[in-house]
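Q: Chains as they are written, first to last, in the working numbering: chain A, 2 to 329; chain B, 2 to 329; chain C, 2 to 329; chain D, 2 to 329; chain E, 2 to 329; chain F, 2 to 329.
For the record, the hints were derived by calculation from the structure and aren't laboratory data. Misleading hints may appear alongside valid ones.
Said to hold, decoys possible - Only some residues are given here: those of chain A computed to face chain C with a beta carbon under 8 Å:
1. Ser129
2. Ser298
3. Phe299
4. Tyr311
As the list claims (entries may be wrong) - Simulated pairs of lysine to any residue, SDA-like, Cα-Cα distance not exceeding 25 Å:
5. E:Lys213 x C:Glu307
6. C:Lys152 x B:Ile215
7. A:Lys26 x A:Met112
8. E:Lys213 x C:Met305
9. E:Lys213 x D:Glu25
Where is the CB? At the ideal position from N, CA and C, for every residue including glycine.
There are 6 protein chains.
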Amino acid sequence: MPRIPVAQIALGMDLRKQPFLLREKRITTTRAGSLMLQVILADRGGTVPGVYFDVPSHVPDSLATAKGVAVTGRVGEFKGQLQVNIERIAPTRLDDLEDFLPTARRPLEEMTQELDALLGSIQDPHLSRLLASVFDDTQTFKAFCQAPAAKYYHHACVGGLLEHSLAVARLVLAACELHPQLNPDLALTLALLHDLGKIHTYDPVSFEMTEKGILWTHLYMSAAEVERHIDRLPGFPAELRLRVVHAILAHHGRLENGSPVLPMTLEAIVLHDADKLDADAQGAIDHLARPQGDGSSFTERSFMHETRLYRGTRESSGPAGGEQRELW
Amino acid sequence: MPRIPVAQIALGMDLRKQPFLLREKRITTTRAGSLMLQVILADRGGTVPGVYFDVPSHVPDSLATAKGVAVTGRVGEFKGQLQVNIERIAPTRLDDLEDFLPTARRPLEEMTQELDALLGSIQDPHLSRLLASVFDDTQTFKAFCQAPAAKYYHHACVGGLLEHSLAVARLVLAACELHPQLNPDLALTLALLHDLGKIHTYDPVSFEMTEKGILWTHLYMSAAEVERHIDRLPGFPAELRLRVVHAILAHHGRLENGSPVLPMTLEAIVLHDADKLDADAQGAIDHLARPQGDGSSFTERSFMHETRLYRGTRESSGPAGGEQRELW
Amino acid sequence: MPRIPVAQIALGMDLRKQPFLLREKRITTTRAGSLMLQVILADRGGTVPGVYFDVPSHVPDSLATAKGVAVTGRVGEFKGQLQVNIERIAPTRLDDLEDFLPTARRPLEEMTQELDALLGSIQDPHLSRLLASVFDDTQTFKAFCQAPAAKYYHHACVGGLLEHSLAVARLVLAACELHPQLNPDLALTLALLHDLGKIHTYDPVSFEMTEKGILWTHLYMSAAEVERHIDRLPGFPAELRLRVVHAILAHHGRLENGSPVLPMTLEAIVLHDADKLDADAQGAIDHLARPQGDGSSFTERSFMHETRLYRGTRESSGPAGGEQRELW
Amino acid sequence: MPRIPVAQIALGMDLRKQPFLLREKRITTTRAGSLMLQVILADRGGTVPGVYFDVPSHVPDSLATAKGVAVTGRVGEFKGQLQVNIERIAPTRLDDLEDFLPTARRPLEEMTQELDALLGSIQDPHLSRLLASVFDDTQTFKAFCQAPAAKYYHHACVGGLLEHSLAVARLVLAACELHPQLNPDLALTLALLHDLGKIHTYDPVSFEMTEKGILWTHLYMSAAEVERHIDRLPGFPAELRLRVVHAILAHHGRLENGSPVLPMTLEAIVLHDADKLDADAQGAIDHLARPQGDGSSFTERSFMHETRLYRGTRESSGPAGGEQRELW
Amino acid sequence: MPRIPVAQIALGMDLRKQPFLLREKRITTTRAGSLMLQVILADRGGTVPGVYFDVPSHVPDSLATAKGVAVTGRVGEFKGQLQVNIERIAPTRLDDLEDFLPTARRPLEEMTQELDALLGSIQDPHLSRLLASVFDDTQTFKAFCQAPAAKYYHHACVGGLLEHSLAVARLVLAACELHPQLNPDLALTLALLHDLGKIHTYDPVSFEMTEKGILWTHLYMSAAEVERHIDRLPGFPAELRLRVVHAILAHHGRLENGSPVLPMTLEAIVLHDADKLDADAQGAIDHLARPQGDGSSFTERSFMHETRLYRGTRESSGPAGGEQRELW
Amino acid sequence: MPRIPVAQIALGMDLRKQPFLLREKRITTTRAGSLMLQVILADRGGTVPGVYFDVPSHVPDSLATAKGVAVTGRVGEFKGQLQVNIERIAPTRLDDLEDFLPTARRPLEEMTQELDALLGSIQDPHLSRLLASVFDDTQTFKAFCQAPAAKYYHHACVGGLLEHSLAVARLVLAACELHPQLNPDLALTLALLHDLGKIHTYDPVSFEMTEKGILWTHLYMSAAEVERHIDRLPGFPAELRLRVVHAILAHHGRLENGSPVLPMTLEAIVLHDADKLDADAQGAIDHLARPQGDGSSFTERSFMHETRLYRGTRESSGPAGGEQRELW
């Protein structure tokens, strides 16, 4: 039986050894001592919850999040949402992991072409060599193309780091057009390298933060890794190194946000603001897209924006036509 | 004798009834009771200090900042800078005020053409009518084209509000390309109207804040003025009014910065970040351009950025060539 | 069968199609898939919880909070509190809504008489005309007399806005006696108008915040609405308008509390402090009055006061006699 | 020659051994090494500056602020203000210190009568005995009637503490009328005792803070002193002691303002807000009354209010008539 | 049947009228209306949970936390942890309370000997008499030896206050060796007395905060109690009293942490930092020791440290050998 | 003529080409246009001010702070302090720079011996090799022994970094005795390496911050430099590297203080607190030692402690005898 994509699962279907990525698991106990297992099953197109009543006690321990599981059961409904009533669940090996992870909105190939074009546009020879040193390293390049940009569910996706870095690049280039005092080569380099350390910050499958990510922060890792590349580039100007490392360390913009130093150069200032604009926007889009079934015209509080977001009134067709209603 | 532009004033010149705009005046007293008047004289191209020793006591009171003065004296030097040793100074009427006020980097005509093009690109009929209601009012349009965007000296210039509004417009349009969930018509409208109240916030000549500007804030005035225009537009959707007024009130992004509410819609969030990017960048450019003669590689603390800014080491030619040295 | 007021409901009573206002509803599911509906039923005198086991799935969706319901069932007990075991519940029209909403401590008529007396005491002709413009508008007057002053349950009541406004008026008049530098006409006007926008901020039945209330804030709406009235008053002094609008915008006292500007006039300062005194006191009274059955001498944390409040030791008769025991 | 009150000093007068209180002294040196002494001379009605050129070097050291000086010299003018050109200045004993210190707005006798009436109105026997214990102590009573309420110049005056305590008393009584849940005896007691420690906090002549005032704070001293009185009152209820000491410790309202605990009882909350209202109002009145000769419609920043205050536009006659112009 | 210590309880054991200290109780209700009692049973060596299904409704009310209970039942297992299935539970008197409370790591006798030695080392006669006045009071001495130093479970233990005070004493003495400008007698006195008020702050059995502890804070009580002792010491220098009381009031280091004044003397500064070092370290040790069964390499967030703590990776044997693994 | 040490300079002495280190220079202009040069002249034992009236305009530019100058002139007095009246001043080469820089309180040799002993006490082979890698590098060792620990004048001294690092080491070892859960090898390593980056942070003569110090922070440089050493140590455990780098990055304790991450391990927590204790104490000692001639019992505000510090009352002999009077 071929795998049924999550997006095509429907009420009443029978699943047999269907492979999924296990996103979350929770075990709860009833008074009588019987166990209930609740899971979130995923593939790249979405997620579906599952429940296993009276699960044998050895089963939950055999399963690991961010790993494959094979599920047998029937698709039912709970509070108006589909739910798999599990009869059997066991670890399995996922042959093609990419089929099971969410991916960035833009196709990977389109993004790598844009990256190439941007790299080719750099005229400063030192910055050009620095970028080449980073991205010509196959392992780094591959990690950079696959890493997520953050750990939260919807924002976390394969290619998220690359997508975000390119967006920041476009915004700083727009700023360079408005403000000729900006050095576009430096601004572009910073846009592409400021989050480099994120390739060590998230587990590439579960998107959970690594120990290094928590204990060291990606700010430190980005700066230290860029310095390691610069160490290998003879003749790299000291002044330029000063500015590159500074802007990376300062890109969170405020001490309270984890930058050990405030942005003190024009490029560092613009990097921070462009980074914030793209992250704020994508975070809001993701937050507005999360299903929240209470019919309110406001979302739950968004931790990132420190407030609830406004969805728009239900009856409203929205100011720009119905097709954008949900995000408004 | 024709007026000598400030930029052409040189050591040893004699000035006779030369007209200037009086930017600042300060009176100090020596122990012996004699008075000394120190002034900053300006035209659109720059400023020069002047000093009047043993000034008769009625003279300082006869002069008003942000008004014209006629100066007679000789150009000397003090601590390595030019300084006019004043022999006579008196109020005068400036025939063409524009010759005496700093202006935006971009030519006015270029900017009004860009504004026209942006207005023409709006497809939403209600937003289009709202913008027309605002900008077809001759008095508002003129004030909008002349007002400064802030009160600090270098940032303050004729056309500053228009230049800033257009820059924000370009940045939100760049964001719309990256994030199709944004409504470009709404985002553009907000970029052009969010600072509308600044036409009532600064004195058009001295650039000092008005009483209204201090006691009411431009946030409130922008929102209330936009509502007055909407009141006159039959059929303007309530939902759209909600979003427009909200984003204007929220565009400072944080309660501590004077917004009574945090941005809660995607367009409000992006408006705030784009506004901050342009203001931060222009503020840094202006701050780095201020003459500070102590030879340090850092500026004085920038109030806006809450830190000193880095100019670059003196001996360095800078990463991108000498022509950008000063701003680095 | 006549309606039994909530305050008279007793254990063992049978209710038949008894009308209530539905304050809250919550649906929970048992493991077996059966649904349980939990509700809070209210009239003006109080609230009683209800529970409906094995509720048919279409029933919860048919009910709306802040609307009438007709309930059939028997009054039981749960954890020492009365609880209606519901057998049938259906939407119904409430003929006299006032019988079902909590009301202010002071009788409405007494309050409107006090308001009239205060309005009559104003000697400044412009402020007198401004207040007349606002309160002679029948719709505004009615809304002002009925609106709550806040959304939290106990504080929220019909007439709450009027009661609070009058209390602030009395406090600012007390301040005027202490400090003759205060302008009593202006202080009184501000006390009565500072929360005017709250008539648009809360749903008059559910007391939930409206979209406008959340996205615009009542501060903005109060100021903008007062300006609309002033626009219609020829000869209203500009200086007075400056002060009135400023004090309304500033009455939350701190940027962090949502005022876009700090109070900068004597009357604005006193308005803020008097407003805070009355709100803090009423909020504490309401919080101490909330039933919290754990026997502790402290309440749960009060969000408004950022701390738990002290009820007094249980055995204590209290410093001023037993009749005040609960609030101490 | 009889003493000329400061208020009657006029240009050209000759002073001979005229007694003053020395408010401030400053010594500056000219390049040639000669010394100049600048002083502020005061009596209860006001202050006048003085200057002593080429003062012998032993003279400044012989003078102490907050002590008497005898001045010989002539009244001149400097920058439009009167200034005594001193020829001789020497320490002197002031026979009647009260003639040289600023006093509260209200006459002392009127205030002590009001205090008596308030003390007589207390019905709770324990609180009544506590207040008697405090105010029947002659030394405490005298200190309480003379102490200032704060160290800044205009607010600091003989009787300031008493005037402020009575004002807070009136405000909490107004709150008691609005909110019957308040215990008026307790609220009144707190109003009168919350600042008791200020009798140890300020020097009674210079109004400078004492070492105890700085190192211990008046909050601690008020609470500890009230506890010492309670220790001597047999049968004082433990619950009442809890509440009295708590409210005193909490009356600054926020940890950042130096209260070690937030107000947790209704009376403590109202005490804090009433205290703040009166202090904010009096502080604004004093700040607006300070001479600031720059003609701006705003004052210098008020440290207490964290902002500049608005004086009103110059040409305006003010909303309530010219006699209040200065304070607006 | 002799009492079985908690540490020796094992699966399958039958308990008969076994005495425990009742740490916590919680009553929950099942849908059918039956009650379930969940308890935490303790002796000095540890705790074990218990559950009583279908408990008669009068039983829970008869039990009080921090009091003795006699338990009959059988030891079962729930989610891999021991759990007593209770058949009968009733209040009982605990003959030797010390057997049921957790105690400090160091033996009491060792600590009192160290205290004696420290007291004997003081050379300043006034401080020596002050310490004698405090610790020669039998009741105070006993309370000081038994009180906990904080209310949280693991940190709370009999002797905790003494253990902490001695640790601070050792740290300030280490600081005195590094910085000879410190006065060791004063520093040591402060280390031993700064938390004196904690003997009134916690219930000696439940370790819950007392009303006084919450409403007055131990800072105030420590200072006021030390002052009462000083009041009885003739000739105690005013300057020394100033410094002792100041340092106690300031020992939380920041206004936000509840000190009404910042540390302003060298000894007060060092007292605060040493106090913080010991509390931070012990708090981290306690937090890391709490069982948290999720297998993460990080703990739950520690409220005291405002972050999660790092336990170390599971597979790691730790940098310094396996015996310290758990705390890493 | 042999050099006269600053400590031996006396009124009336004539200096001829006396070498000093130039600490500060300031040029001021009199109205007549003549220049006055004010300088601070230093050797290792102290500083003396100097003044050069009518200085030729080329002289000030020829002098550089933190460089040698040769001074000819006579020692006079100004406001009771010695002052050199300069007749000639010119750049000179200082043969033995150490004679002109302030040094740490403890002799260098004593400190390096203590460092050796500490290094020898480490038992963990990896940490031992890491420390050897750092301190066996001659250049690093020399820089570490000479660098100051901070830029402020009195705290800044040759050997200051070493002195501070050893003090932190002693404090963490004291903490290890109190809390056996601490790993002493790790704690000691962190004490010695946490400020390693300070060897790049301050100019070794002027003690001014370097550009790297400002733009990168010593936190980043310490961590990155330690990682470079670890990179060269095969077999260094990943877990240990995690902990070492984390604690260095976290040692400022709070994000607001420039640490990008909070301390999350026991050793990181103790490192931060011990570092703060020693810095707070030394900073207070230095601040209290600064001459402030106004006779107040309080110092000027200490930026580091965010408050004024208390010196003690003048007449007081102090609690511990007169010999410590100044620091109290």
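Q: Are the hints correct? Go through all of them and say.
A: Consistency of the hints with the structure:
1. Ser129: Result: violated, 46 Å to nearest chain C Cβ.
2. Ser298: holds, 6 Å
3. Phe299: Cβ of Phe299 (chain A) sits 7 Å from chain C, so the hint holds.
4. Tyr311: holds, 6 Å
5. E:Lys213 x C:Glu307: Roughly 19 Å between the alpha carbons, so the hint for Lys213 (chain E) and Glu307 (chain C) holds.
6. C:Lys152 x B:Ile215: Violated - the C-alpha atoms of Ile215 (chain B) and Lys152 (chain C) are around 31 Å apart, more than 25 Å.
7. A:Lys26 x A:Met112: Not satisfied, since the Cα-Cα distance of roughly 34 Å exceeds 25 Å.
8. E:Lys213 x C:Met305: holds, 23 Å
9. E:Lys213 x D:Glu25: violated, 45 Å
Of the numbered hints listed earlier, those contradicted by the structure are 1, 6, 7, 9.
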